[in-house]
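Starting from the known structure of chain A, fit chain B onto it as the hints suggest.
One-letter residues, chain by chain:
Protein chains: 2
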Amino acid sequence: MNRAAIFEQIKQKQSFLCVGLDTVKAQLPAEVLQDDDPVFSFNKAIIDATAAYAVAFKPNTAFYETEGSEGWRSLEKTVAYIKEKYPEIFIIADAKRGDIGNTSTAYARAFFDRMQVDAVTVAPYMGNDSVKPFLGFEDKWVVLLALTSNSGSADFQNTPDVNGQPLYTKVIQTASSWAGADKLMFVAGATHPAELANIRAIVPDYFLLVPGVGAQGGDLEAVCRAGLNPQCGLLVNASRSIIYASKSADFAIQAAAEASKLQQQMKVQLQLAGLL
Amino acid sequence: MNRAAIFEQIKQKQSFLCVGLDTVKAQLPAEVLQDDDPVFSFNKAIIDATAAYAVAFKPNTAFYETEGSEGWRSLEKTVAYIKEKYPEIFIIADAKRGDIGNTSTAYARAFFDRMQVDAVTVAPYMGNDSVKPFLGFEDKWVVLLALTSNSGSADFQNTPDVNGQPLYTKVIQTASSWAGADKLMFVAGATHPAELANIRAIVPDYFLLVPGVGAQGGDLEAVCRAGLNPQCGLLVNASRSIIYASKSADFAIQAAAEASKLQQQMKVQLQLAGLL
Numbered sequence: 001m002n003r004a005a006i007f008e009q010i011k012q013k014q015s016f017l018c019v020g021l022d023t024v025k026a027q028l029p030a031e032v033l034q035d036d037d038p039v040f041s042f043n044k045a046i047i048d049a050t051a052a053y054a055v056a057f058k059p060n061t062a063f064y065e066t067e068g069s070e071g072w073r074s075l076e077k078t079v080a081y082i083k084e085k086y087p088e089i090f091i092i093a094d095a096k097r098g099d100i101g102n103t104s105t106a107y108a109r110a111f112f113d114r115m116q117v118d119a120v121t122v123a124p125y126m127g128n129d130s131v132k133p134f135l136g137f138e139d140k141w142v143v144l145l146a147l148t149s150n151s152g153s154a155d156f157q158n159t160p161d162v163n164g165q166p167l168y169t170k171v172i173q174t175a176s177s178w179a180g181a182d183k184l185m186f187v188a189g190a191t192h193p194a195e196l197a198n199i200r201a202i203v204p205d206y207f208l209l210v211p212g213v214g215a216q217g218g219d220l221e222a223v224c225r226a227g228l229n230p231q232c233g234l235l236v237n238a239s240r241s242i243i244y245a246s247k248s249a250d251f252a253i254q255a256a257a258e259a260s261k262l263q264q265q266m267k268v269q270l271q272l273a274g275l276l
Numbered sequence: 001m002n003r004a005a006i007f008e009q010i011k012q013k014q015s016f017l018c019v020g021l022d023t024v025k026a027q028l029p030a031e032v033l034q035d036d037d038p039v040f041s042f043n044k045a046i047i048d049a050t051a052a053y054a055v056a057f058k059p060n061t062a063f064y065e066t067e068g069s070e071g072w073r074s075l076e077k078t079v080a081y082i083k084e085k086y087p088e089i090f091i092i093a094d095a096k097r098g099d100i101g102n103t104s105t106a107y108a109r110a111f112f113d114r115m116q117v118d119a120v121t122v123a124p125y126m127g128n129d130s131v132k133p134f135l136g137f138e139d140k141w142v143v144l145l146a147l148t149s150n151s152g153s154a155d156f157q158n159t160p161d162v163n164g165q166p167l168y169t170k171v172i173q174t175a176s177s178w179a180g181a182d183k184l185m186f187v188a189g190a191t192h193p194a195e196l197a198n199i200r201a202i203v204p205d206y207f208l209l210v211p212g213v214g215a216q217g218g219d220l221e222a223v224c225r226a227g228l229n230p231q232c233g234l235l236v237n238a239s240r241s242i243i244y245a246s247k248s249a250d251f252a253i254q255a256a257a258e259a260s261k262l263q264q265q266m267k268v269q270l271q272l273a274g275l276l
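Sequences listed follow chains A and B, in order. Under the working numbering, read the first sequence as residues 1 to 276, first letter to last. Under the working numbering, read the second sequence as residues 1 to 276, first letter to last.
Bear in mind the hints are in silico, worked out from the structure with no lab data behind them. Quick caveat: nothing in here was measured; it's all calculated off a predicted structure. Beta carbons are placed, not taken as given, at the ideal position from N, Cα and C, and that holds for glycine. Among the clues, some could well be false.
With a cut-off of at most 27 Å between alpha-carbon atoms, the simulated BS3-like pairs for lysine-lysine come out as follows [said to hold, decoys possible]: (1) B/Lys44 - A/Lys25; (2) A/Lys77 - B/Lys25; (3) A/Lys77 - B/Lys132; (4) B/Lys25 - A/Lys140.
Ranges of calculated distance between the beta carbons of each label pair, as one might list FRET restraints [what the hints assert, rightly or not]: (5) A/Tyr81 - B/Glu88: 25 to 33 Å; (6) A/Asp35 - B/Val268: 37 to 45 Å; (7) A/Asp219 - B/Trp178: 25 to 33 Å.
Same shape as in the complex, but just chain A:
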């Protein structure tokens, strides 16, 4: 999927919501647990309930790997379901991969050729030859970790170099020389709104994937003030606050309500920014 198609969908849905499919089998409502593949059944219901409000879905591979090869199969079915029923929606495998060149190529094939998602999150620690193999696929995207939403982001991402420049801005500056805003996005946590503005100044054109709104406490309005650009430039993710809005039989209805609420807030922000 190319950048124009993402922005088109944002305008149509008046939303830049990414729904994180962080599906933990042990936390599923009793109603789906009797199904053959409860994780997929749950995801299917969440996807149908939230597709009208979301421009992206982001399954995190960790929660599928916990169920082993069966979990990986649930993930494959989930991606195939989205692609078939909602082909306009952007799919991000939140996998945080990255390895030496031939190994990163294998990961890229796993996610782009085999699973056929649109984007993969990649960790920058191993440098250019660990990231570039993901950049060679048409209309596929790397979402590179820059400043993550967790408290541990302070340990290394904020480390200033000899010129006082923190590592996360060096990552952004270096990586933006590897690929343009049509192939590369950055992860920038909603829990750091001041740094978000800094990131936006360094890469005015790039999309930012912003986790941390919802369960992690980030503020949508602050994120928008710092991060919106003329093509929106933001995908704001919420996972647990949507998919676990209720743990009873009404989980899909409550997930839809929660996604709708965020979409309404996003619509206001898009209007304020003159993008609708």
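For chain B alone, kept in the frame of chain A given last:
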């Protein structure tokens, strides 16, 4: 597996060889391609051929994920086979994972509880709360990326901070305050022997997992001079040079020969260091 058991095996086998099971289906010899699960058949033959010379096996998840859930199943079968037939051998899932706390916990469960490997490679970029969830499992290990063997390692790992300290040594110093040498190892590429000595000086007691000997060109003798400690303290990995020593029907025999050659060189180094 605890540190004493690893050292015991090193002394018994007179080896600190880790065989990397980076099994690419497209590169397998015709002899195994007709099997139901060629990746597993190949691994089984390689494991049987090299178990006498190796103290660790290290499947890299990328090459299994390229085959989707079926590949993940081949990986599970490979780990189960090693555990059943060679329970003394240390198994490292080379997965380079790392995410926010609850997500890293899911990864740790995937690898330690479900797949039951002994160790997982983890990327440090996201800091303490991304690594610590992997440290809470008895006799399980984190192998943290410090200075990797690829050329891209120069991009960020070598970035000096305001005191001139490169990031990789900050990673090692910081992480060694999170866990001792009984739970934590570091990845230090054989392609950087000078820096290996530096790392050994910072963490005299910790095991180092050293990739880059073999196809990547690292020098075993230089690695040993820089890295051996009184408990050996090294696991030196070779992947492609062993498993693809031959691409014909004699692949297992040639893999054994290649592993044996490395084991003989390691024996000499252990003797020179007075450890045998």
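### Query
Lying within 37 to 45 Å: is that true of the beta-carbon distance A/Asp35 to B/Val268?
violated, 59 Å
### Task
Could you grab the alpha-carbon distance between B/Lys25 and A/Lys140 and see if it respects the 27 Å cut-off?
holds, 24 Å
### Query
Regarding A/Asp219 and B/Trp178, is the given constraint of 25 to 33 Å on their beta-carbon distance met?
Given range 25 to 33 Å: holds, Cβ gap about 30 Å.
### Query
A/Tyr81 and B/Glu88, beta-carbon distance inside 25 to 33 Å?
Given a distance of about 44 Å, which is not inside 25 to 33 Å, the answer is violated.
### Query
B/Lys44 and A/Lys25: Cα distance at most 27 Å?
violated, 32 Å
### 27 Å limit on alpha-carbon distance, applied to hinted pair A/Lys77 and B/Lys132
Measuring from Cα to Cα gives roughly 31 Å; hence the hint is violated.
### Satisfaction of hint between B/Lys25 and A/Lys77, Cα-Cα up to 27 Å
The given pair, whose Cα atoms are some 23 Å apart, holds under the 27 Å limit.
Hint check: violations occur at hints 1, 3, 5, 6; the rest are consistent with the structure.
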